[in-house]
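Chemist: Take a look at the letters that make up each chain.
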Amino acid sequence: AKIGVSMAKFDDNFLTVLRNGMIEQAKGMSGVELQVEDAQNDVAKQLDQIKNFAASGVDAIIVNPVDTSATQAMSDAAAAAKIPLVYVNRQPVNVDTLPDNQAFVASNEADSGTLETKEVCRLFKEAGKKEANVYVIMGELSNQAAVQRTKDIDDVIATPDCSFIKIIDKQTSNWDRDQAQNLMTNWLSTGKKFDGVIANNDESAIGAIQAMKAANIDMKSVVVGGVDATQDALAAMQAGDLDATVFQDAAGQGAGALDAALKLAKGEKVEHKVYVPFQLVTPANIDKFLKKN
Amino acid sequence: MPDISTTDIVLKTENLTKRYGGVHALEGANFELRKGEHVAIMGDNGAGKSTFVRQITAVEQRTSGQVWFDGKEVNFAGPIEAREAGIETVFQNLALADDLDVPSNLFLGREKVLFNLGPFSILDRKYMRKATEAALVRTAVKIPNLSNTIRHMSGGQRQCVAIARTATFASKLIIMDEPTAALGVQETAQVENIIRTLKDNGEPLILISHNMRQVFDLCDRIVVFRRGRIVANLRKENTDGQDIVSYITGAKTGEAELAA
Amino acid sequence: MPDISTTDIVLKTENLTKRYGGVHALEGANFELRKGEHVAIMGDNGAGKSTFVRQITAVEQRTSGQVWFDGKEVNFAGPIEAREAGIETVFQNLALADDLDVPSNLFLGREKVLFNLGPFSILDRKYMRKATEAALVRTAVKIPNLSNTIRHMSGGQRQCVAIARTATFASKLIIMDEPTAALGVQETAQVENIIRTLKDNGEPLILISHNMRQVFDLCDRIVVFRRGRIVANLRKENTDGQDIVSYITGAKTGEAELAA
Amino acid sequence: MAQTSHGVGGVSYDARKRTWPAEFNVFLALVILVVIFELIGRVFLGDSFLFNTRSDVSGLFNEARLQIIILQVSIVGIIAIGVTQVIITGGIDLSSGSIVGATAMIAMSFAQVATVNGNPNPKAMFLAQGWTDLPVIVPVLVAIGCGLLAGLVNGALIAYTRIPPFIATLGMMVTARGIAKWWSKGQPISFPTDSFAAIGKGLMPVIIFLSLAVLFQLIMTYTRYGKHCYAIGSNEDAARMSGIKIANHKILVYVIAGILAALAAVVLSSKNLTAQAGMGVMYELDAIAMAVIGGVSLSGGRGSIIGTVIGALIFGVIISGFTFLRLDAYYQEMVKGVIIVGAVVLDQWRQRMRALRG
Amino acid sequence: MAQTSHGVGGVSYDARKRTWPAEFNVFLALVILVVIFELIGRVFLGDSFLFNTRSDVSGLFNEARLQIIILQVSIVGIIAIGVTQVIITGGIDLSSGSIVGATAMIAMSFAQVATVNGNPNPKAMFLAQGWTDLPVIVPVLVAIGCGLLAGLVNGALIAYTRIPPFIATLGMMVTARGIAKWWSKGQPISFPTDSFAAIGKGLMPVIIFLSLAVLFQLIMTYTRYGKHCYAIGSNEDAARMSGIKIANHKILVYVIAGILAALAAVVLSSKNLTAQAGMGVMYELDAIAMAVIGGVSLSGGRGSIIGTVIGALIFGVIISGFTFLRLDAYYQEMVKGVIIVGAVVLDQWRQRMRALRG
Ligand SMILES: Nc1ncnc2c1ncn2[C@@H]1O[C@H](COP(=O)(O)OP(=O)(O)OP(=O)(O)O)[C@@H](O)[C@H]1O
Ligand SMILES: Nc1ncnc2c1ncn2[C@@H]1O[C@H](COP(=O)(O)OP(=O)(O)OP(=O)(O)O)[C@@H](O)[C@H]1O
Ligand SMILES: [Mg+2]
Ligand SMILES: [Mg+2]
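Chains as they are written, first to last, in this note's numbering: chain A, 1 to 293; chain E, 294 to 553; chain Z, 554 to 813; chain B, 814 to 1171; chain H, 1172 to 1529.
Treat the hints with care, as some may be off.
Unchecked claim - Straight-line Cα separation of at most 27 Å, BS3-like style, residue types lysine-lysine; simulated pairs: (1) A:Lys2 to B:Lys1149; (2) A:Lys82 to B:Lys1014; (3) B:Lys1058 to E:Lys419; (4) Z:Lys625 to H:Lys1416; (5) A:Lys130 to A:Lys151; (6) A:Lys45 to B:Lys998; (7) H:Lys1507 to A:Lys192; (8) A:Lys193 to A:Lys118; (9) A:Lys151 to B:Lys998; (10) A:Lys45 to H:Lys1356; (11) A:Lys27 to H:Lys1356; (12) H:Lys1356 to A:Lys291.
Hint data in this document are derived by calculation from the structure and do not stem from the laboratory. All of these numbers come straight from a predicted model, not from anything done at the bench.
Just chain A, with the same shape it has in the complex (with noise of 0.2 Å):
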């Protein structure tokens, strides 16, 4: 079977994880031959990838969804067509209506940013903190997971449990390490006091802390979260600088959605929701995900 996958972007290291599982998976099989398009952000581009998959007669397409309110024309461009479709590792708004040849293999991500600041506010409840202040690192501001995290730290901060949490500043790094850690030496040179560095991703948190590294800051005295447990990002838990991460298993997601649409292509029904969880990774349970992503 031909599988058509359009990929949000190329260069993102959660993403291409997950595009590697699927690949993988497709290695072991005969007779299936994918072909990955890379639709480097842009909502538009995936559309018309869909169209042009369609044009060149794949039996079925994977969809990484840029943006996922975007869904609606992607449904019915398939639909169309005629072509199953899953969409793979962000939920699109039209999931309740989703015609019968399609479907979605998915986190949920409110479970990330949520699970990421509960984790740094048990940890300053150990330390015995009565106030704790924190930075906040966002990712992209005109991306949704990035807008999701930061609600949902916003919504953990609300909560009578872990309202002693103070954000000082929050602002954005694009994802990106160097504009976290320049980002981060902006923060340390107003010398304010802060006990912690809640960031939406791993690359970001890591930034920030070679920053508090350079300005010889006592790593164990901050608590640092981020989201994604990247192999950097584990190696920075296995020194003792990253506190906190979640782990999202974007292999299993990759092969799922793959699974999902080699049935559908050969006719058969499939649940319409798969739901892969979010797990916290901490230095307790490490180890079980150092060989994963």
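Dock chains E, Z, B and H with the ligands against chain A, hints included.
Modeler: For chains E, Z, B and H with the ligands alone, kept in the frame of chain A given last:
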């Protein structure tokens, strides 16, 4: 000063001065031009002749001084205003659009249109082409293909297009900065004819030229610039080439006042 | 044809032809220049004079024809090669870098350096400034501030810089395309002096000019272009201004062969 | 020798030997590209790029592919029309992609429905104000207003402060992207009304693109506006001395570019049924590349809308061709860069040959 | 009136009335910006932007802030040096950001350690080949090689095919980004050796940036290379007719730009201890903006490295100032755009005043 609006003075400058950084290119120029008069401006290279023209036509803003034109004091904000007030100029650097063809250049800024739809007016291309051919015939220049862009014209062809443009549109004052410098024998003769026609029609003109014969042939009065100053202002009848040269070179000095 | 390397012919073209699309700008030009000879090229605007120069100096590639220079057939790939072979040219459009000052322009492409470090050689700025002043004095032009950029020079000042550049460096052939067009009385006289000096030194020269007096003053032979063709080739002694004009205008036709 | 003397005479002129229009080269590049894809397809994949090889579909051509080739470049193509006239005047517009983003966000928030599947629209910006289910003209006018405003700022900056267009529009690029993110604080805006959704449905983007292209080709060729664009791009000083009102003209040029970007935003968000702050990133570069591939000179004064349309088609063929060849996505970008350069090299090479040989 | 006659005489010339160097305007913009931040800080936050207000640190100035202002622009600044000389020759380089990305990936894969925290390095590209723990000179040379190659391709395309630099470097931009993604198939490359990590540590990036800036300021002012850059940018035809070997010179210019981008990549990946395919996105625009803010003319022939350094500092002050003021992230981009434009407007305005008043 006398009420300028009642006299027959077309253009008058007082103390016109222009500095570029430390370069004093033009210093206190007092100049008058009367109705129907043709005045020549001569002078060394770098004497400030073109600078003088650029101040009058507001291509640059003067450092100080005043200008009266057509009966009232003027402070043009730019060359457009000068042109709208009635000053047509052939600049030394020609001011042609290299990528446009000859008719487009001739009518640049005052295209003939079929319908008026503001900026989106439809051009009357046929008319402009015909009118261009007619205008160029007057300058005797030969241009093999009018649709070629100005970029591909010879030096003299470019100059003739610029002159044809100035001569085609009615105006109150014509200024020509070395119009025949690049022209051949025939073309020069034709352009001189054009200037004579203007004289007959009573249109005033300022002619900048290094050509002594031409100046004595065409003009009533000669103004000499030297080192940014007007050093002589002489009626043609009261002077000769030798005299002018000595003012240009500085052999004679002191502002020579007009006899008449 | 005779073995050119043994004769005293510096430059020879045979059937030199250049077309721009449908425009036949130059048609089968046969031209010879001998050692120490000064030849003038005259002709209408657009007659193909500058085109002729551009083919010889390889600013453009010719459509057909052959060129011999200094004893051998040449096919320069560009103006650099022509210059390296020994042809110095004052182009009609001057070829100056607007944003550089006068010394930089004069020495452009052959800067004097203190140490040779390849492209990163250190410039000898003092020397170049001094040499520039000396070169400009020969042209009699006045430039108030040598550090001003060429952009801010008057038409004649620019032309003098270009001429000074050509006259400063030794060469086997000098070509000047209307060098005095923009020059004042004094400057023209000086440039004519420079040309006379070249004559005395036996350096051959091609002078394009519309100025009949100048041509008869300075040159040994006059070649007339008309509509892209060479229509006359006359020794100065065998002709006069009237004659030349009739060739230029086409009143006389047929290729006038050289008497001598 | 059939020679005629045109214009007002002079050296002989052979009217039969006309020079090719510059667009011809670009068209040639397009054809070469299509033939290459067709050949590779036939030889290596046993499939056809342009022709129909499926039994379940009728027709000579692979119509789905022909459609997507032009459909996928229609939106950037609309921007490229505006960018073309900007470049012809000697300017550049880096802000068009960001204007698309900001305009899409703002316009879409006036095109939302009140209820989705029976529930209140979770993404509606102005639910509280009741500004939902508005007639389609409202978001379109809002978009045009946004584009006009952005263009006005660009144009006024360039015309009055004389800063380089590169900087003025770079500033607008950063600012408009900021506005796009700020408008809904990064949230996408979705669920438009059916009438708004109709704008970008099916082949509508293509129709809009081609109509605008024809309109502007006529404007650039036959009106005073077009003539002045070329004049300013060719020699701004000359144009000024000739009495063209440079400032007014430039402002108009950038306003038109802004409005076209805004129209592109409307079509884009309608086609995708959503607006998000990241929309239109890098569109400005694609639009400029389309224009330049189509023969528009970045130093101003030369080019045409037809050329730009062909340039856009080259882009479309490249994208579809890659998918058709199932080229690994990693190689696609590399090859795309090479093809962009190749198309311009071919054009340049033919022009030079012409100039040299005469 | 003290008037002296300079040069070779002519109209009177007042040498005392010298014109300001163009860089002065830019420096003024920088000072104004700093003063604004200082004032806003004092008035609204009760804190100082530049001066030390902390009791636990000694010194008059807030040294941490002074450092970060320049540190955070050092890497783009290195690129901007190369871009400046490209723009002075009348070109443009859109590929520098992508060259950073591709070079960082390739160089970093030769700078990896074999074991991390006792385990084999999970990210090592060449673990199998045993190319780990190599001396620092290897990745640096590899990087320089990459930059040289990219610059050579840019330069050769521009010099020999005569396509506009915008297109040649746009092609390289797309291609090099493709290479960056393809090199490790999207995976980041991390865990460099300590000696490699030392390159970007602490204030090293600042030192590298400023040394290169001084070197190139001297080259542009005092060598034949610099003179020819200005000549070509000023009038390419004139430069050609004057016998400058345009093709060779242009290639050299783009090669230098490529190498500087590669050095920036080394510093960047060393500073971040990782290389990622997305590194350097948009750096090219920031670098160009720094140059233009610093007074480099996009039409070529005018500008200086000093100006670019001041332009870079303006960027640094903006970024740090925003964080200092705790400006909402959504507004930052909008305001950044406005400030970029404002800096250039100020410069242009002063130049015009000077030209008009004389
Ligand atoms: N923009 C400028 N900046 C600085 N100096 C300038 C500028 N424009 C002209 N100058 C200087 O002012 C002086 C007068 O120049 P102008 O062009 O008026 O001379 P001109 O009399 O027209 O000479 P020509 O006969 O050669 O055309 C010259 O020395 C010139 O170098
Ligand atoms: N690049 C070009 N493309 C098309 N036509 C050209 C080009 N260059 C020159 N021509 C045409 O060729 C003819 C000869 O031009 P050329 O410049 O040789 O004239 P010229 O004799 O030097 O005239 P002038 O005395 O005015 O300088 C002219 O008709 C001109 O329009
Ligand atoms: Mg002058
Ligand atoms: Mg000529």
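Chemist: State for each hint whether it applies.
Modeler: Results of checking the hints against the structure:
1. A:Lys2 to B:Lys1149: OK: A:Lys2 and B:Lys1149 at ~24 Å, within 27 Å.
2. A:Lys82 to B:Lys1014: The given pair, whose Cα atoms are some 18 Å apart, holds under the 27 Å limit.
3. B:Lys1058 to E:Lys419: 24 Å, holds
4. Z:Lys625 to H:Lys1416: With Cα atoms ~24 Å apart, Z:Lys625 and H:Lys1416 stay inside 27 Å; holds.
5. A:Lys130 to A:Lys151: 23 Å, holds
6. A:Lys45 to B:Lys998: 23 Å, holds
7. H:Lys1507 to A:Lys192: 25 Å, holds
8. A:Lys193 to A:Lys118: With a Cα-Cα distance of about 21 Å, the restraint between A:Lys193 and A:Lys118 holds, given a limit of 27 Å.
9. A:Lys151 to B:Lys998: 11 Å, holds
10. A:Lys45 to H:Lys1356: 21 Å, holds
11. A:Lys27 to H:Lys1356: Status holds; Cα separation ~16 Å.
12. H:Lys1356 to A:Lys291: 18 Å, holds
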